[in-house]
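Given these sequences and hints, build the entire structure.
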Amino acid sequence: ENTEGEYSGIEHEVVDGVVQSIKLITRKASLRVAEFAFMYARANGRKNVTAAHKANIMRRADGLFLTCCDEVAAQYPDIKYNKVYLDTVCLQLVQDPTQYDVLVMPNLYGDIVSDLCAGLVGGLGLTPSGNIGADNVAIFEAVHGTAPDIAGQDKANPTALLLSGVMLLRHLNLTPYANNIERAIFRTIKEGKVLTRDLRGSAKCSEYTNEIIRNLT
Amino acid sequence: RKQLGRYFVYMASLLRRRGSPVWQLKTWRTSAVSAHKHPRSPTVIPRASYADVSQESTSRSVYGGRHIVTLIPGDGIGPELAASVKEVFSYANVPVDFEEILVSGLISKGNKKTLERAVNSLQRNGVGIKGVIRTQLDDVDSLSLNMLLRTELDLFANVVRCRSIPGIKTRHDSVDIVIIRENTEGEYSRLEHEIVPGVVESLKIVTRARSNMIAKFAFDYATTHHRKRVTAIHKANIMKMSDGLFLRQCEQVATLYPDIEFKSMIIDNCCMQLISNPRQFDVMVMPNLYGNILSNIGAGLVGGPGLCPGKNVGVECIVFEQGARHAAISKAFQNKANPTAMLLTSVDLLRHIGLTHHAQSIEAAIYKTISLSKVRTEDLGGTASTSQFVQAVIKHMEGVGA
Numbered sequence: 544e545n546t547e548g549e550y551s552g553i554e555h556e557v558v559d560g561v562v563q564s565i566k567l568i569t570r571k572a573s574l575r576v577a578e579f580a581f582m583y584a585r586a587n588g589r590k591n592v593t594a595a596h597k598a599n600i601m602r603r604a605d606g607l608f609l610t611c612c613d614e615v616a617a618q619y620p621d622i623k624y625n626k627v628y629l630d631t632v633c634l635q636l637v638q639d640p641t642q643y644d645v646l647v648m649p650n651l652y653g654d655i656v657s658d659l660c661a662g663l664v665g666g667l668g669l670t671p672s673g674n675i676g677a678d679n680v681a682i683f684e685a686v687h688g689t690a691p692d693i694a695g696q697d698k699a700n701p702t703a704l705l706l707s708g709v710m711l712l713r714h715l716n717l718t719p720y721a722n723n724i725e726r727a728i729f730r731t732i733k734e735g736k737v738l739t740r741d742l743r744g745s746a747k748c749s750e751y752t753n754e755i756i757r758n759l760t
Numbered sequence: 551r552k553q554l555g556r557y558f559v560y561m562a563s564l565l566r567r568r569g570s571p572v573w574q575l576k577t578w579r580t581s582a583v584s585a586h587k588h589p590r591s592p593t594v595i596p597r598a599s600y601a602d603v604s605q606e607s608t609s610r611s612v613y614g615g616r617h618i619v620t621l622i623p624g625d626g627i628g629p630e631l632a633a634s635v636k637e638v639f640s641y642a643n644v645p646v647d648f649e650e651i652l653v654s655g656l657i658s659k660g661n662k663k664t665l666e667r668a669v670n671s672l673q674r675n676g677v678g679i680k681g682v683i684r685t686q687l688d689d690v691d692s693l694s695l696n697m698l699l700r701t702e703l704d705l706f707a708n709v710v711r712c713r714s715i716p717g718i719k720t721r722h723d724s725v726d727i728v729i730i731r732e733n734t735e736g737e738y739s740r741l742e743h744e745i746v747p748g749v750v751e752s753l754k755i756v757t758r759a760r761s762n763m764i765a766k767f768a769f770d771y772a773t774t775h776h777r778k779r780v781t782a783i784h785k786a787n788i789m790k791m792s793d794g795l796f797l798r799q800c801e802q803v804a805t806l807y808p809d810i811e812f813k814s815m816i817i818d819n820c821c822m823q824l825i826s827n828p829r830q831f832d833v834m835v836m837p838n839l840y841g842n843i844l845s846n847i848g849a850g851l852v853g854g855p856g857l858c859p860g861k862n863v864g865v866e867c868i869v870f871e872q873g874a875r876h877a878a879i880s881k882a883f884q885n886k887a888n889p890t891a892m893l894l895t896s897v898d899l900l901r902h903i904g905l906t907h908h909a910q911s912i913e914a915a916i917y918k919t920i921s922l923s924k925v926r927t928e929d930l931g932g933t934a935s936t937s938q939f940v941q942a943v944i945k946h947m948e949g950v951g952a
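Chains U and G, in that order, are what the protein sequence lines are.
So the number in my numbering is just where the residue sits in the first sequence, counting from 1, plus 543.
So the number in my numbering is just where the residue sits in the second sequence, counting from 1, plus 550.
Keep in mind that a hint or two might mislead.
DSBU-like, lysine-lysine: derived pairs with alpha carbons at most 35 Å apart [unchecked claim]:
(1) G:K881 with U:K590
(2) U:K698 with G:K813
(3) G:K813 with G:K662
(4) U:K626 with G:K918
(5) U:K626 with G:K719
(6) G:K886 with U:K590
(7) G:K659 with U:K626
(8) G:K881 with G:K918
(9) U:K571 with G:K790
(10) U:K623 with G:K719
(11) U:K626 with G:K881
(12) G:K790 with U:K698
(13) G:K659 with G:K881
The set of hints was computed from the structure by calculation and includes no laboratory data.
Pasting the structure below:
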């Protein structure tokens, strides 16, 4: 969930030395993100949706989030749905990430778990993402930072942004193009001949890109 | 309105307990609680003798050389793990008698009374060992019994040791990370209300006093255990005031320990770094929720929740508990649970109350069982049952009560 939760930015110092930070959970936003999760699962042939939560501690807040997920899950009987505590999710992701498929959760947990999963697959240099809004407005971006130390030197790894572009094409229903580009990227990485420095190769950004172009069908 | 009322009462109690500048900690020890004023900070930082860090035992009930230790088996696999500890202690003739209190989250009545008994017992004995008590989710107002225990006894620090065990193959070897987590406030303050239907607020409370206390504990721990680096984990780029306060307190305390390297890292980056390069971490200190996440990731790194010991530290009382707190209700009573974490936790308990010889013997037996005999429970890919593992540990214990 991308708009509320712990990132509401509502904080104040109650008395000297005591700060409170407000985590906001609304039914509207929780329903929206749950809907999106199940729609995404159905559209992309995914079988399971797991809600990660801490409702044992945040009874009302995460409880509301879970209630919304339950309601939406009932409308998608073809998708398997389960609820798992956040700490169990993190533990199992480290031990065996293949048991998870689609995960839905509030803002902070999503931030942490998405970086955890990025670490599992090779880092932020390879992880795409998309921000989806109402009326299908969407912004796709790589989750890594601006890396000012290697900017302008043809050293960066473009995979994350390229895969984000693939997500964009899928979002626009241009799936054949998306598949073509994705296959080319995976083939280049698998062959391992032309890789950027962060993937332990020695190629420049432009050389790596040319190799991907070469691998397009 | 009831919620708001409770909120203000809570805030007032915070002021009383934590807001006052000169903090006199009640301690049963006769050693002086001296306070010193750091030149840069306006508040007085009390130099308290934290129960664990000063390495003085908190055990108060010692009669004829035998210690009385509170035991709360908990739910799920808790009872079988508690039984494993009792069996090993009995074989080794450890001079510890357990005062068992059955607090359970699976029964709906009488919990509060049993919890009170547990709290009284722990206050009396000073040392305890517990399993995880199940939290029922049906009643919105019922509170987590584990959390209640921690706040009643003021167990402000949770320490989890994630250490690679020789013989267990994991992706990274030689991991040795200590996770020190603030245990009583933060996101676990249990202050929530529904403002209007469909909009819920949950309050995360961060206080300067508690942040200072946990930071001091972490650096004291690092000093006592000869650790080189303390890393503070936070999300102060987003939660500028709350995590910002926590981070600033860590930075302030760090200046008092020039021999220990201090670093800070944002929680999401930390998760990624932890699974790709865990050797860069030594001692880590953080608020409550991040500690929950990182202790589970750390446990996953070394082989699972069945391998990491932990403890909840207060000023007057310590309660030992497994590092990764899972009741594992679905695995209960099948004789399949891995007792290693609980046994290592009990070894820490023995060290704390001064029974070092027994502690070393049991610890050596556990390590030998895992690395030499290669006895593995199901979670580690083996076929041994809980009781088979315990028998193997007992076989390896040399000369103690044999």
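Hint-by-hint comparison with the structure:
For the hint linking K881 of chain G to K590 of chain U, the alpha-carbon distance of about 25 Å falls within 35 Å, and the restraint holds. Of the pairs offered as hints, the one joining K698 of chain U and K813 of chain G holds, with about 28 Å between alpha carbons and a cut-off of 35 Å not exceeded. The suggested pairing of K813 of chain G with K662 of chain G is violated, with an alpha-carbon distance near 42 Å, which exceeds 35 Å. A distance of roughly 38 Å separates the Cα atoms of K626 of chain U and K918 of chain G; the hinted pair therefore is violated under the 35 Å criterion.
Taking the CA atoms of K626 of chain U and K719 of chain G, the gap is near 30 Å; set against the 35 Å cutoff, the hint holds. Distance check on the hinted pair: K886 of chain G and K590 of chain U sit about 30 Å apart at the alpha-carbon level, within 35 Å; holds. Proximity of K659 of chain G to K626 of chain U is assessed by CA-CA distance (about 26 Å); at most 35 Å being required, the pair is judged to hold. For the proposed pair K881 of chain G and K918 of chain G, the alpha carbon gap of about 26 Å is at most 35 Å, so the pair holds.
Between K571 of chain U and K790 of chain G the CA atoms are separated by roughly 26 Å; this keeps the pair inside 35 Å, and the hint holds. Of the supplied pair hints, the one linking K623 of chain U and K719 of chain G holds, its CA atoms being roughly 33 Å apart against a limit of 35 Å. Annotation: proposed proximity of K626 of chain U to K881 of chain G holds, straight-line Cα distance about 18 Å (limit 35 Å). Proposed proximity of K790 of chain G and K698 of chain U is supported: the alpha carbons are some 33 Å apart, at most 35 Å.
For the suggested pair K659 of chain G and K881 of chain G, the alpha carbons sit about 24 Å apart, so the restraint of at most 35 Å is met.
The structure does not agree with the numbered hints 3, 4 stated previously, though it agrees with the rest.
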